[in-house]
Amino acid sequence: MQALKIRNLVKTYKGGVEALRGVDLDVPAGDFFALLGPNGAGKSTTIGIATSLVNKTGGTVEVFGHDIDKELEAAKSCIGLVPQEFNFNQFEPVIEIVMNQAGYYGLDRSTAYQRAEKYLKQLSLWEKRAVMARELSGGMKRRLMIARALVHEPKLLILDEPTAGVDIEIRRSMWEFLRKINQQGTTIILTTHYLEEAENLCRHIAIINNGKTIESTEMKSLLRQLKVETFLFYLQEAVTQVPEIAGYVLRQLDETTLEVDVTSEQKLSSLFSALGEQGIEVKSMKNKSNRLEELFVSMVEGGQQ
Amino acid sequence: MKLAEQYVAFSSLLLKEIRRFMRIWVQTVLPAAITMTLYFIIFGNLIGSQLNDIHGFKYIDYIVPGIILMAVINNSYANVVSSFFSAKFQRHIEELLISPMPNYLIIIGYVAGGVARGTVVGMAVTLVSLFFVDLSVQYLWVSVTAIFLTSILFSLAGLINAVYAKSFDDISIIPTFVLTPLTYLGGVFYSVNMLPEFWQNVSLINPILYMVNALRYGMLGVSDIDITTAMLIICGFIAALFTFSLYLLNRGIGIRS
Ligand SMILES: Nc1ncnc2c1ncn2[C@@H]1O[C@H](COP(=O)(O)OP(=O)(O)OP(=O)(O)O)[C@@H](O)[C@H]1O
Ligand SMILES: [Mg+2]
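The listed protein sequences derive, respectively, from chains A and B. 1213 is the number of the first residue of the first sequence in my numbering; add one for each residue after it. 18 is the number of the first residue of the second sequence in my numbering; add one for each residue after it.
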């Protein structure tokens, strides 16, 4: 069963912006799915259409088998949405926001209260329940929207940049939380500009650029496509010149730092032994850039040519 | 949604609407009570005492139903137009749009909120009027029905205004340029029989005329218009505006890009 199946989705906004020009997505039930793309690629528009906040121009969307043109209510019931921008009533107390949303999904007051308590506690907002939403910090507002999206326990949770502007500690605890929800069976779709986040959390990934899906695959096989990785080696002792090792391209950054390109066929262990033969000891190393980031940039740039 | 779920969703929305205007009662309930008190003092006591009776009623007694109705109209309208517009403006209308609530239920929820405010304010004004006149209601159910239908109708009108509104200015244009003139020309302060025949006929296209007269019939037992005709016309307007609001929401006009 597909949690979300999108075919040839097209959207032209009033005024003529062609935001989507044929988006296809397949999100398997139970998946943790990353939707990536540069600013203005069409991620939020795609999500907006799936959640019926935006009218589509063409194409089809099915949520757990419910076509949004034919079974809109059933499709809506399956989804919980954490939008990119704050969209709650700033002048309402936190708990009312969450409980009202539960009500709109048909949950009676006592169930609504229990759920609100459960999710506000899990997201460390229970102490703030009586506070006006406007008085929360940015990170708390994001978490409020997550609690609100979960209150009817949807099968599919869609988060549009949930960690934008959230500090590292809270971001990590959000990751833990989302992983747990996913393990309990909720399908999750996430958009983010932190590629580390996608790499950490997601099993499948799709990249949208200029309103089109340019890649949709497993995270692992995508990373396997990476042909060259660049590492930084921090040396035990200073070297005066760049060591020459057959088959490898090395560059010296400073006395104790080397930069090296390693292709997917080459092995780091043979590089280490070759360096060792020349009396150079590598104290520590790091991957120069995020691997997914490199792929992402090369794909998006490739797509624009 | 199942019927039971629809009921829950409706009452959540209604409660939220009631909490909203009660939280800011100084801005929502109090002003109407004060304005209407001024009407009673100025038009009723000071000026009214110099005037002849109308249809056998003292002037102040004659205008009580119209003044109550004016408060109901203004407040039902204001409640829905400002609540729905600010929901659009702050984007929390999206909470409703992503939920499985059918559009007619969203309309009914907002309208019920407007009716609640109209009724609360209507009662406040009625209480105030007791300081000025001896109120004896002739036909209670006619009065209640007239107030109820009027507040439904103007809640719907407020909703439609809010759907089209793009700025806070847009939500005050209709009340200023349409609602207030129609109310004053709808026979709140006079009997249309006092007008020349031509203007009597022109007045007949004003829906507020029918409502004022329906309530006046309920409270005083006199009306310029046949009560059945009045009620039917009000219901006709409600049906038309409801259908139109439903069309607007289904098409997503003003709320979905
Ligand atoms: N309501 C709107 N009216 C007109 N154009 C719009 C509207 N919303 C988005 N767009 C345009 O549609 C395109 C896609 O926007 P969208 O918000 O879907 O991008 P995104 O991938 O979510 O970007 P970001 O990463 O910045 O959030 C952009 O060119 C944007 O300007
Ligand atoms: Mg976006």
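Just so you know, the hints here were simulated from the structure itself, not pulled from any lab data. Everything numeric in this text was worked out from a predicted model, so none of it was measured. Take the hints with a grain of salt, since some may be wrong.
Derived pair list, reagent style SDA-like, types lysine to any residue, alpha-carbon separation capped at 25 Å [claimed, not checked]: (1) B:Lys-105 x A:Leu-1348; (2) A:Lys-1353 x B:Arg-40; (3) A:Lys-1333 x A:Lys-1367; (4) A:Lys-1226 x B:Arg-40; (5) B:Lys-105 x A:Lys-1330; (6) A:Lys-1282 x A:Phe-1303.
Ranges between beta-carbon positions, derived for each pair [unchecked claim]: (7) B:Val-219 x A:Lys-1226: 56 to 66 Å; (8) B:Ser-189 x A:Leu-1284: 43 to 53 Å; (9) B:Asn-62 x A:Lys-1226: 28 to 38 Å.
Even glycine gets a Cβ: it sits at the ideal position worked out from N, Cα and C.
Problem - Index of numbered hints that the structure contradicts, given in increasing order - result: 4, 5, 6, 7, 8 and 9
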